[in-house]
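Taken in sequence, the protein lines are chains W and C. Under numbering that gives the first Met the number 0, the first sequence has 250 at position 251, and the numbering climbs by one with no breaks. Under numbering that gives the first Met the number 0, the second sequence has 22 at position 23, and the numbering climbs by one with no breaks.
Simulated from the structure, these hints should not be mistaken for lab results. Check the hints yourself; a few may be wrong.
Unchecked claim - Here are the simulated DSSO-like pairs of lysine-lysine, each with C-alpha atoms no more than 30 Å apart in a straight line:
#  : chain 1 : residue 1 : chain 2 : residue 2
1  : W       : 187       : C       : 166
2  : C       : 15        : C       : 85
3  : C       : 85        : C       : 135
4  : C       : 173       : W       : 198
5  : C       : 85        : C       : 166
6  : W       : 198       : C       : 51
7  : C       : 173       : C       : 206
8  : C       : 107       : W       : 198
9  : W       : 244       : C       : 51
10 : C       : 173       : W       : 187
11 : W       : 244       : C       : 228
12 : W       : 127       : W       : 151
13 : C       : 85        : C       : 228
Source: prediction; values computed, not measured.
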Amino acid sequence: MTASCWQQLSQNRNNMITSLSQMADAVRSSGKRYRIAVAWAQDNNTVGSLYRAVNEGFAEALMIGNRDQITRTCHDTGADPSRFTIIEADDEKSAAVTAVRMTATGEADIVMKGLVGTDKFLRAVMDKDHGLLPPKAVMSYVCAVEIPAYHKLLFITDTAVIPFPDLDQKVAMAEYAIAMARKFGIMKPSVALIGASEKVSNHFPNTLDYSVMCKMAQRGQISSCVMDGPVDLFLACDPDSVRIKGVDTPLAGDSDILLFPSLEACNPFYKGLMLFGGGELAGMICGTTRPVVLMSRSESELSKYYCVALACLMASKND
Amino acid sequence: MVLRYLSELKDLLADKPVRRLVLAAAQDLNSLSSAIKAARDGFIEPILVGDKEAIQNIANSGNIDISGVRMIHEPDTELAVGIAVKMVRSNQADILMKGKVGTSSLLKAVLNKEWGLRTGSLLSHIAIFEVAAYHKLIAVTDVAMNIAPNLQDKIAIVNNSVACLNKLGVEMPKVAVLGAVEMVSENMQATLDAALLSKMNQRDQIKNCLIDGPLAFDNAISLESANHKGIRSEVAGDTDLLLMPDIEVGNVLYKSLVFFAHAKVAAVILGASAPIVLTSRSDSDQAKYDSILLAAAVSKQE
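The following block holds chain C by itself, in its conformation from the complex:
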């Protein structure tokens, strides 16, 4: 299956059981409003962990109706995050979402060795874009978590992302490993890693996807460009997943898609035992809402 619009996430969720989302330190207007909206639309069941009074005040100030929503009172942020994480671990929740807490504090709890959500895999970020100029949704990784992934990290990032896309119904995602050029050069590590990832995929050491790289951005997303360059590739022009060489490239691409191409985006953190919604204040309400739907769509189905 191929998705063209993020709104199709709703179709994916239509006949699935409602997922339970726990919002850690829920006294946060942005995340609270998105979570409650997704709940009202019937896609998730929210659990708010945090300072009850502060949550109620925030809800009132934002005209958010939280009547009937389950709340766990814990005024201490660190403890609230711990409760939220443990709920996911003990299967009382399916999705973890960041509220009014620093990203590093949340991830520290997620990575706690005793009661965290480690799976042995690297945590990685996936952003799925709806771009007018492209014929399907396109995923980009990693634009937010891994700064300068080495080859082993890239393998883990691809595996995380492929599993996520598989859950969205993309059976054999086409993965373009981005470089500045499509040629291999010893002076550009990204191109060497790309060649290795391609061969490992060909040898079935990275499964359930089709990898080609290095590909320059234009080759990856435009068959015409690839043909013009004489590149023979099953991935070129039909990419499902763009693997970034590092966070700088990824972050700039992410932001240019949003600001210049007016792309819609949904993003989650993968690699933990449950998807983590970790939006930032600068994300649009729509992006937060779609990220919750994405998390619900890729969370474990009983």
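Isolated chain W (complex conformation):
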């Protein structure tokens, strides 16, 4: 988003984006158009989610793949292929390499996975010479989740990439989620480090990492935030539980960010919210030099659209 747009946004909405539809509105009304390079684009899901973004004017889709198949997919989904730029590629691997390279060189702002396998796609993203991951950078996944049961957006990590994050990876995960929250205008987000209870114990090594992270936040070694953990989900998100349990936590049941101890904890949590909690999400890969869109095909149409919008928001410059 440009500076003037940010100013406008801050005047209009007190600088805060509090829902995913507002997020999409903000991207739409920024007047900017982001170029999205799609790897192996002949995929109903991909075409569907991009078509709305293209029609709304904030995305330009560079569809890399088999021209005939892309055109056919467009017809199948009711999309007008002339709205897309189609770039011919022989196979899924070369499509992934081309999409990533175009993004790395600045011909595109965002790279998105199409029908290519996730492993081939990520291999291209992580390629040392032509990829999008700086040396030693931690790659992780952050989701902004909207559910009727919570009064604001929840940023959760890591739903998809790091199975068992160590301390450094947890710190990186927190930083990515904080950076995303800031793009939503939440300048000092509350970060809950989720465990099974609020006690520190050798038997739960994550609680040790969490304690260290809290001190790092207190000492300014982690970007501006209010951090506490271990806390359970109730202490993180339910003020009544904080009162009943009598735990002294600055989160006070009003967390913006939930950092989970493992992928196996976080992934079922977000899926539960989608399946049973009436949730929608916008998620993306973080840690790369440019936004990387990678979504599960079981997400709703709306969530897929939000993923594209989120990548555009994150591609925007603050200055």
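Chain W is already provided as a structure; the job is to place chain C on it using the hints.
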């Protein structure tokens, strides 16, 4: 309550019953003279266990009047130590003091499983300093007992020390966990342990104190330094207890306070069922005397 001078220990003891101190292997000039002086000043009642003749000779040579002092004759050092320890265990004495016996022999008796003074807690050393440049007494642990304490050891050391400071009237001691820097670094275990201790304290898993760390020494004792670094801490600049990362740091700090800062010091061993006075020959007479008073002040009150 906040103490500024070690001499205030006398005020703490003024209206308390006289504590009974048993001196194990009492034929030792240094410890005997300090114990007798504290007794003459009315703070303790000494019991001398050891070689009666040797004790009398030592007393004569040092011009120490031990007339009327209770003595238990046992020429064998090991047996004398055993008697002294058992007296504490059977509540015939309130304080154990080391005489002419090696530290390791004394501690072996203290830790005896059948008749020793084990409480289930780790033994730890606390040294309380009176430093001209600081606005109150400051305790330092552990400079003498635990070589490289791990996290669990540090928790026990803090608990021992906090209980001791509570008895001196410091209700919520401010505990600074020392590191070389105030930042957390995976390369420095002391800073990780410090972060864990802080969080455990915040979660009430370590009670009756206020813990912050890592803090560098200057941040711990000077609010100005802490402010300069932008550290927000309730402990910084007002520390009651400095928790050392290991014995090397602790021992050097102890000795530099004594030799360079001319600090006065009193020290005891905590974690046994009674405080143990374990002074070394290089300690000043004043330090030995003050250590006895400290032990009396923190010993069990009936």
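Any hints from earlier that this structure breaks? Give me their numbers in increasing order, please.
Hints 1, 3, 6, 8, 9, 11, 12, 13 are the ones this structure does not satisfy, whereas the remaining hints hold.
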